[in-house]
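S.K.: Spelled out from the first residue to the last, the chains are:
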Amino acid sequence: MVPFLQENVVFRGVYCFFGGNDGNATWCGGRDGIFPGGWEWLAFFIAGFTIMFILVNGALLGAAVFVWAERRLIARFQLRRGPNRWGPFGLLQPIADLLKLITKEDLVPTSADKIVFTVVPIVMLASLLLSLAVIPFARNTYLADLNIGVLYFIAVGTLSTLGVFMAGWASGNRYAVFGAMRGVAMLISYEVPLILSLVGVVLLAGSMSMVSVVEAQLIPFVLVQPLGMLIFMLGISAELNRTPFDILEAESEIIAGYHTEYSGIKFALMQAAEMAGVLAASAVLSTLFLGGWSGPFLSGELGAMWFLLKLAFFAFLFIWIRSTFPRLRIDQIMAFAWKFLLPLALINLVATAVEVYFFAYYNAAVPGEITRSEQWIMAAINLPLAIGSIALFSRFLRERIAAPSPRLEPKVAIIQPAEAAD
Amino acid sequence: MLGKGLVKGLAVTMKNFFKSPTTVQYPEERVRQHARFRGEEFVWYEERCTGCASCAKYCPLGIIRIVTKPSKTAMQEGDKYDIEVFDIDIGRCMFCGLCVEACPYDALFMGSGFEEGALRRDDLVITVDELRNAPKRPSTWFRPQLESRKYDPHTGKPLPWEEVGREQWPWHQKEKAGAKITRRVQRGGASEGQP
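Protein chains in written order, with my numbering: chain A, 5 to 426; chain B, 92 to 286.
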């Protein structure tokens, strides 16, 4: 029926349970479903709905767990305990937060553009949920194996920038506009190195499909593309408005930035989108750079476990970074993107392109294939390259404070009383 | 900041991550106050108090109110007065401890409590009955004799009135030697009617 969904374990199970062999689906192993003939469209609908239900609720539940984990872990990083009152280890804290937020009044400011103001949480959450469609959670467990999966993720993820700007503009609040403007300036800058860093992975895999990228990782691409992973991680944490880059909701400067005017359920949705965005970013990171569902053993059966472990690792890394670094100034952030990340991304791209050309086409037994040993050789080249170029370009980030020039000393003209009298 | 500082910062937070948190979960556990803490619930030894009202005179806020009357032995023996009212309004008290410093007979001590909240202002006034019934665990603030004994009001036993003084006042030495000059003791044969 739908060619790319029949590989999906969940879809296949549900569809075959209900619709079975009635239609032209020959991939149910000849078994009949419980629906009579002619009703396989309903089975298709139920199966598709099941997948969407699992995906959406999984993402939101994951966001809730991430909120809890982030608060607990940041507390531990700061020698505190974190939420521990409601439920075991405070696990029910996100539910308490949500209950509090949905019982609040749903305020819309009088100066706000009401339609845009209301649409913003939907845009932000939708962009996040859409981006989950291409992530392979385990072998044959994904909604869509698009052949432009990486591009799709970037394109859909950028929609959240639109949400930020809509929120800032529609709020009718100066601080919100400040936050939105900062956000747009920053996010557009960070898109460039972010996308360039993924091109290296795409070159190596020879495909933009997430599944192909996972299958192309004979060794994890974090070894082959250390620079690419670093740039992608920094870029995506700017994209997600995480703390070293959270100038667009800087509490100490512009109240809450673009979501100053949001309260109640709208605020809850925006927070959920932000938190689940971290999980989506961790999922993409672990898919593209740590081998996704593949693990040292049983990557077919325990694929989801390996995937979740890697996802948790990256989520922990994000929380660690957030709990450590102070917020950067906007000029520092811009300098970081244009003077540091962009040159590194270009270096990474050129080096990877040359290596891929050499190994896959110039000097290859089978054209277009990169073997495991060749990947190891590339890793051995790229790691020193990464360290060297980071050391080189971090010199451009130094803030030079010049010693005061002697010429700047004030020259005071002394007016003699005789002259003054003239 | 950018450079090695990033790695150092990450190392610091990671070290903190493996330390145990310093938070004290308040209603279940409490921070142990120091032995010299100037807290609420003043510890008052009626046996030592002569009713001289030095504490009331020294109080910068004037929140100690003492009403005394002559006891049977007050005039003849130079003994103490009976205390009728001893109100300390801790709603206005700033816990400077000057009353404790002023007490010449080591009869008044600071306490160690800090949870004396009440719903009404009147409930914040410590009366003489509350002072009599309060646990006798004096804070060692301005009491070197307790501090040199390493007395801890949180773990130590309640101290009777014989053990808390500095023993340099003849009246106390006499009383400790066995003379019974407490308020409740009637001394027959003492001349009455003399104010």
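Calculated from the structure, these hints are not laboratory results. These numbers were taken from a predicted model, which means no experiment stands behind them. Where is the CB? At the ideal position from N, CA and C, for every residue including glycine. Some clues are possibly wrong.
[What the hints assert, rightly or not] DSS-like, lysine-lysine: derived pairs with alpha carbons at most 30 Å apart:
hint: 1; chain 1: B; residue 1: K95; chain 2: B; residue 2: K163
hint: 2; chain 1: B; residue 1: K99; chain 2: A; residue 2: K343
hint: 3; chain 1: B; residue 1: K148; chain 2: A; residue 2: K343
hint: 4; chain 1: B; residue 1: K248; chain 2: B; residue 2: K227
hint: 5; chain 1: A; residue 1: K118; chain 2: A; residue 2: K104
hint: 6; chain 1: B; residue 1: K163; chain 2: B; residue 2: K148
[What the hints assert, rightly or not] Cβ-to-Cβ under 7 Å is the rule here; a few derived chain B residues that face chain A:
hint: 7; residue: L101
hint: 8; residue: T104
hint: 9; residue: P112
hint: 10; residue: Y117
hint: 11; residue: P118
hint: 12; residue: S162
hint: 13; residue: H245
hint: 14; residue: T246
S.K.: Among all the numbered hints in the text so far, which are the ones the structure does not match?
M.R.: Going through the list in order, the structure violates hints 1, 3, 10, 11, 12, 13 and 14 and respects the others.
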